[in-house]
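K.L.:
Residues per chain, in single letters:
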Amino acid sequence: MPPVNTGFVADLGTIYCLNTLRKKNRHTPFNCEGLGRRDFIQTGLGALGGLGITDLLKYQAQAGVKSNDTKCIMIWLDGGPSHYETFDPKPDAPSEIRGEFGSIPTTVPGVHFCDTMPKLAKSFDNFSVVRSIAHNQNNHGAGNHYLMTGSPTPVPVGCGAFVTFHPSFGSVVSRERQAPHGMPAYISAPRISRSGGPNFLGAEHAPFVISDNPDSKNFRVRDVTIPTEIAEGRARSRADLRRSLDNLKRITDQQAEDPAVAFDEYYTRGFDIITSTEAQEAFDISKEDEKVRESYGRNDFGQRLLLARRLTEVGVPFVTVYNGGWDDHRTLFESYKKGKIEKVDTGVAALIQDLANRGSLDNTLVLLLGEFGRTPKINKDAGRDHWSFAMSVLMAGAGIPGGQVVGATDVKGYYANDNVYAPEDFAASLYTKMGIDHQMILRDTAGRPIQLVNNGRLIKEIFA
Amino acid sequence: MKYFLTLWLLCPVLLLADQATVSFNNDVLPILTKAGCSTGSCHAKTDGQNGFALTVFSYDPSADYREIVYNARGRRIFPAAPEHSLLLLKATNEIPHEGEKRFDKDSEFYRTIHQWIKEGAPRSIPDEPVLESLSVSPPEAIYQKNESKSIHITAHYSDGHTRDVTHLAEFQSNEEAFAKVDHHGKVTAGTVPGDGVIIVRYLDKVSSTRVTIPPDQTLPDSAYQNLSQNNEIDRYAQERFKTLGLLPSETCSDSEFIRRATLDVIGRLPEEQAVRTFLKDDSKDKRSRYIDHLLAPENNGAYGDYWATKWGDLLRPNTQRVGVKPVYLLDDWIREKFRTNTSWDLIVSELLTASGSTHQYGPVAVIRDKREPADMAEFISQLFLGVRLNCARCHHHPSEKWGQDDYYSLAAFFSSMKRKGQGISAPISGLPEYWWFQPGGTVQHPVTEVVLTPKAPAGPEFPDIPENRDPREVLVEWMTSPENPFFARAIVNRVWGELFGRGIVHPVDDFRESNPATNEALLDWLASDFAQNGFDQKHLIRTILNSRLYQQSSLPNETNASDLKNFSRSYRRRLPAEVLLDSISHLVRKPESFQGLIPGSTAMQQWNHKMPSDFLDAFGRPDSSAAPPCERDGSSSVVQALHLMNATGLQKKFSGSPWLNELEKKEAGEIVDSIYLGLLSRMPDKAERDIGINYLKREEIKLRESLEDLLWSIINSAEFVHNH
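Chains A and B are the protein sequences, given in the same order.
1 is the number of the first residue of the first sequence in this note's numbering; add one for each residue after it.
1001 is the number of the first residue of the second sequence in this note's numbering; add one for each residue after it.
Don't take every hint at face value.
Said to hold, decoys possible - Cut-off 25 Å, straight-line C-alpha distance, at most; resulting in silico cross-link-like pairs (SDA-like, lysine to any residue):
1. B:1325 with A:156
2. A:380 with A:180
3. B:1665 with A:234
Claimed, not checked - Partial selection, computed: residues in chain B whose CB lies under 7 Å from chain A:
4. 1558
5. 1561
6. 1636
What the hints assert, rightly or not - Covered stretches of chain A, as calculated for chain B (at least 3 residues, CB under 8 Å):
7. 197-210
8. 222-232
9. 281-295
10. 380-389
11. 440-447
These are computed hints drawn from the structure, not numbers from a lab.
Yeah, the Cβ is synthetic: ideal placement off N, Cα and C, and Gly gets one too.
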């Protein structure tokens, strides 16, 4: 609150805040000014002149809502990785909750990760972990949608569902930001994630999918390079032939909105990509130093992270790296031991370190998450089931402090109970880092106004 | 503090209620709307904004009253000192307000709300009249280009009194190219001749005024004298052109005609031989005969697949939601209906009254998907009546007269359906679900909770449906009667949209007073002709294709380059994904293979969009995860350009093409002719032929390589990719 001299009005403000504290707005007790319960108590009832809306506005002014060149690499572990077996181990919980793995210290005294993540534990100085994201969409279809768009599904959807009701982060970034050299602004590998589509923003903001495996010898990104069997000279001569035979009369009067004129623009951009050295280099992962390739892990996932780094470095603003197979209802520990968590540990630690070494971390936002956490109690099949009440998210780059844990779950890891954030808050923070106003109003195909993120507030610790 | 609270809560009841002068409904709510508080982007979002939630367009005044007067512990209003009410402090930004200042302390809005609070913030005042209608003055007017005029809005109340509410009404233009309107109701005409509509909204009432901008000059009747009139379509179209000062484009060439007609009716390119024969034919009625040929039984398969693909987009549920088998059966059913040219009334009737097992009868998939009566109502009204009711699910339609009454009364026709079985979403949707009619269900108005009598928008009420009669049958009877004001118009307009790239009403399923047809008389005639001819879609298509209007060139003349909606020239369209892919595969005789389909199947035979295809993704098909009805995006993109240029799949088709093997044996000139006829339905001109021949005859380069390049060049040309 700004200074208000009449004590009466200040009292009004007090009630206002108390009231919204009690309002069951989502699951998270928050007041109108975007402060957490703890902040509120710390600030104290008598000190309402302290933090408030003006601070929120200040965060926003500092953090964006202006053009910036931040890119985002979103690493999506589909199915829901366990918070216990990654960033939020509970070594003191009973064994039916604790699980088979132990915990290891990180570079920050007192903070432990699960011992499945030794490399990330060693490089904790490079990133923050939010342990307190929670929501109420406990199945894959709805959980994917919530964390991939920042918006819950308006109707209940089933577990196997692939649904879309709201544009995904990548599609919105594609709408707001451009990539150079004719490149697409939203790329997803090796496939589009569930709910990763553009919805009403239209096909032009769908992700460009790179399905091939960059770890394979013959890897090439489809369509953006001339097929290998076409020699360079031939490519040139057929492009010339095309130009001389493309004779449909164009209607040059702009008012006529001739689609053939738009067609020409896209061909110009297409030729831009094909002929741009920067773009072609970015796609050609074989140009990368062998040591660096090794450091990411010589596997499809690791090399996709490396490709993502190459793409963001030439200016692609949003890249999703999708990794499936995290829905461990059975034999979770065996499944983790077989190497999938090791790939993530190695690849993500290498990516963040590599970005830091190259000086790109400051303008690259790296996010690692799935749609929810896993149940505390290990089930009869030695697996863990869906658990949306607590999940851990890794956030690095774009000015996010290193070595920071945000929020916490209770001692047994059941519920995020300290400094709890919702998917809307995650979305608002992501957009703000990308210089996009999360409160902007979009229009759907029927012309209906839709707010990009509904009641999102920033995860203020990552804007320190 | 407690003392204050108690006092505030009691105030509204105690204070002066019978002397109050300011009405919450008639005075306060309009201010909240006009000031932007109760808009969908602010406090009327689903969860409100910062803890203060109003209903959008004030559709539920009682809820708004509760929110303002009682919720938040009543501190939003403070009758003892109205100026300390949070409602006013926030709106004037005296207390920081994220939405900033909405009005001044020294404004009529402020004084009205201040007075209302001072009077004890009553829910209503004695003998409060009810708003009945709006009138706009003038209801229509002729504007010169760039001319501005103010319009005035009058509210009419139940007690007969009227009031000027111009300062409280909201305004919206349906097309800014024709007319813009500001916050105060000042209308400014654009520079393009034609008609625009200004929509006026005040509380739950909507009205409109029409803005006509006459053409700079009309043409003398003699300009139209030599235009042929092949049927009634041309008569109505040319009358409209005369008023608008538009001269329609020339008739298209035979090549353009055969390519366009074949693509539009059966989604294919005409065969080389068919083009040769057609071009040689010099009889006068060859176009008519060719249209008959396209619609004849020999093309039923192609015709069925092409139109089923369109309707698949509109009807097909997500397989993850209703199951694979139901979707497959539905697809099969749709195909069969178009293959056999079942009359439209029958198709809709079968679809709307379906019951049984989702694993035995295709149409049941639709009700499994749209399982709540309200979902079904919204779906069928948009698809088959052209009325978009979806806004009215939660609030009255912002630019049409429809309200929640209309929405839920239509839903009432579907209230007596029972189901048994596994429900929705994978994996449970893998099992069947059974649906049947069983008397006894009702639908309530969500706000008033009144049980509603089945009634379609602008249709009669059906209070006396016998208990043992499925109300859906009554609805279908009403819909498919030849006098129905929506049914025939909706489908005729949709088919027209497919054939011209734009509906007479556009978007094709958005009929409203505020979105008028560009040629009302023409649409009326088409609809009644369609109904009189047994709702026969092939009859409709035949009639349209035979008109001069359909057979116009896409090149503009001096009068009609800017015409984008009156059909005075043919509008170019990019070929849909499936048509492009099938055309290329068919030409080079290398069929594409599709998951889950037998070898040799075409893209148009796919029964859902989850089957992977880079080509179809690039050129746009509906998101298979979205709820139907789905739209197609017909625009071009860089991804499409890259795919046509570089896709290895296409390159493989060229290198393994039996067609090119055959062409290789021919003489260079013949090769060029065949490629032009096969892809563009025309002969190359002299220059093109020479360029082609020279390219094929290059020294030291294999003929096959040059042949593939020639094919590649034409496939990557605007002339191939577009229907023009």
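K.L.:
Hint by hint, note whether the structure agrees.
P.N.:
Here is what the structure says about each hint:
no.	hint	verdict
1	B:1325 with A:156	holds, 22 Å
2	A:380 with A:180	violated, 52 Å
3	B:1665 with A:234	holds, 22 Å
4	1558	violated, 10 Å
5	1561	holds, 4 Å
6	1636	holds, 5 Å
7	197-210	holds (count 8)
8	222-232	holds (count 8)
9	281-295	violated (count 0)
10	380-389	violated (count 0)
11	440-447	holds (count 3)
Comparing the model with each earlier hint shows violations of hints 2, 4, 9, 10; every other hint is respected.
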